[in-house]
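Protein chains: 2
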Amino acid sequence: MKPTLQAVADAVGVSRSTVSNAYSRPDQLSATLRERILDAARQLGYPGPNPTARSLRRGFVGSIGVLFTSQLSYAFTDPFAVRFLAGVGAAAERHGTSMLLVPLPPAVTDARRAVENAAVDGFCVYCVADEEWALDVIRQRGLPFVSTAARDDAGADERFVGIDERAAARSVAAHVAGLGHRRVALLADSVLPDAPAGPLTVAGVDQVPHPTTRGRLSGFADAFAEVGLDWAELTLVNVPGNSRPAAAAAIAGLFDQPAPPTAVLAGSDVLALGVLDALAARPAHDRPAVSVTGFDDVPEAAAAGLTTVRQPAEEKGRIAAELLLDPPADAAAGHVLLPTALVVRSSTGPVPRS
Amino acid sequence: MKPTLQAVADAVGVSRSTVSNAYSRPDQLSATLRERILDAARQLGYPGPNPTARSLRRGFVGSIGVLFTSQLSYAFTDPFAVRFLAGVGAAAERHGTSMLLVPLPPAVTDARRAVENAAVDGFCVYCVADEEWALDVIRQRGLPFVSTAARDDAGADERFVGIDERAAARSVAAHVAGLGHRRVALLADSVLPDAPAGPLTVAGVDQVPHPTTRGRLSGFADAFAEVGLDWAELTLVNVPGNSRPAAAAAIAGLFDQPAPPTAVLAGSDVLALGVLDALAARPAHDRPAVSVTGFDDVPEAAAAGLTTVRQPAEEKGRIAAELLLDPPADAAAGHVLLPTALVVRSSTGPVPRS
DNA sequence: GATCCAGTCTGTATCGATACAGAGACTAGC
DNA sequence: GCTAGTCTCTGTATCGATACAGACTGGATC
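Chains as they are written, first to last, in full-length UniProt numbering: chain R, 1 to 354; chain X, 1 to 354.
Note that these hints are calculated values from the structure, not bench results.
No experiment lies behind these values; they were computed from the predicted model shown.
A couple of the hints might just be wrong.
Because identical chains share one entry, a pair is satisfied inside a single copy or across any pair of copies.
[Claimed, not checked] Simulated crosslink set (DMTMM-like; lysine to aspartate or glutamate; CA at most 25 Å straight-line):
#: 1; residue 1: K2; residue 2: E35
#: 2; residue 1: K2; residue 2: D157
#: 3; residue 1: K2; residue 2: D110
#: 4; residue 1: K2; residue 2: D39
#: 5; residue 1: K2; residue 2: D136
#: 6; residue 1: K2; residue 2: D326
#: 7; residue 1: K2; residue 2: D121
Construct the complete structure from the given sequences, taking the supplied hints into account.
Below is the structure:
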């Protein structure tokens, strides 16, 4: 068994408090005694104060949780999520805080338990799907958190960092509409829970549960409404999961229909890249000239020439962690909207006249 | 203040133990009492057992640390590290364990403290630079760990997952040597601590402190020795930090020298991609036909047509975590060598005759 | 010579749970 | 009717530290 602080105290002949002070409050004892204590500790093989015991007594842990409301392994697959993590990491580094990545089991009961059991001082919640239950647990625990998806029921005091999803989506859709496209497909991840891959009819965009997806789809719809296109005239395509192959599979059939879309607006770059994959997979002579747009501007987008909306991924993570670790006194400052920018590249062009 | 387990016990009129059991050992009490307890807990707003207190009493935490002996933010920049993390994450997910990413302050004393204070049950050590001090701290704490770099002084009982760096490097170098290249530059990260960027003279490859770098350089040297080229005849180029821009900057000047290298063997794909960047940055008419090889086969390498050595990144992370979380009874099984494969793409070719 | 003070160190209470032995109550078996 | 065994639940000890109030020492101050 590893020696405890008590053992060191006994060896030196001082009280536990003094040994504790030798580690945590060097100004509370003389330098010589401190040296004697540290020497004895070294000799005994004392590894220093037990982090868990220390956390218990102190009342804080020194690490923040990052919650992906999805498989943890997904987080490392999505380049946007990776940049976000990098941002969180940079802020954590600055604050001398660790990051705890908590994998969530598929069953909600187990997932709740996982969030309840995480030894952290707060959470950055990266929203992939509906995360209301997770926020409930966190509130219940009385822990601070920062979320990255606008929610309908957000309390005024809840911290948030994100973008104006709707306006950003509108900007890229307006670009596409401006190019003359009127047969348009909108591609999004998990439009409705458990919906199958492929075209999907949804009465109105307000039926879409996930706020981020809803926001982006609304923005797309806004831009086309302005050129006289109804929601019902847009083709909505569901992708179960934000991945290139899933997107490619979901979109593939669409191009063989009678009046195929001339433009595909994807809810993320990953999905858009999947669409490009699907197109590239067709023989050159049978490859329709489709305009494709993404969302996020991940590193891969530039290489693929993807027209997209840029949002600062790393910044988002960094600010999320900063809001958590160093909360602004002013509640309004806890609500950060980041700028976005339309990035036009080669993946969009005018409607081919055929 | 949040209510404690005691408060719930008092409210229901049972002992603390029983409430504890209601959460952690449901089979130890009747279903009806358990329901009463959980109801009361809900009513009081009891958030469930405090994770820290539970860890202290139980003697384990339920999370593993991932240690990058470099800036944490670096980890998210290096695509190989990200794949490694994904693998660790997948294994952690399977075991219901969290991952703690511990940022290390630049000063070694502070870094030691950070490792001492991490509340984890063990470490996966991803070796970027010299990490002996970190392993010392972990040993001192009596925690299990898995390292990913072969070390000279590894105890027989210490777990490890990695590749035969030397043999793998040799395979790609043999390919280059086979193409006839004899004016060759070897590019590596942090060949010597604090060495400047650019060509560097090192008496022998055994002078290189970092085992991974040394292993790869040795492999390169092996292959060229076989075709009669001495270590001294190879140009060694140091890059301070494993990044594309750093590599580009370190190599840039080399191509303007009297007898420029016809091949550059990089110690990692990231460095190799940096070399390609440096070449691409030159005007087309002044762009030497240089063969470039990498190491790792990160996702970006395929797109760039980079000849490289593949090592299974995700697998490495997954196995590292598995070895930690589910240690094999047999000590020998704790030492895993992964397969590697030479991947020849378009970035290498025969020496241009001119 | 009393007072004050800064500098050191100690002792006790506490952080919030879980482990484990064991006490009662009840059912079974013979 | 007695022993054994099963279910529930309780009580005490313990995990390993830190906080905080206070005790002691030895000068400096007036």
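Hints versus structure:
| no. | hint | verdict |
| --- | --- | --- |
| 1 | K2 - E35 | within (21 Å within a copy, 40 Å between copies) |
| 2 | K2 - D157 | between (45 Å within a copy, 19 Å between copies) |
| 3 | K2 - D110 | between (33 Å within a copy, 22 Å between copies) |
| 4 | K2 - D39 | within (16 Å within a copy, 41 Å between copies) |
| 5 | K2 - D136 | between (39 Å within a copy, 15 Å between copies) |
| 6 | K2 - D326 | between (36 Å within a copy, 22 Å between copies) |
| 7 | K2 - D121 | between (27 Å within a copy, 14 Å between copies) |
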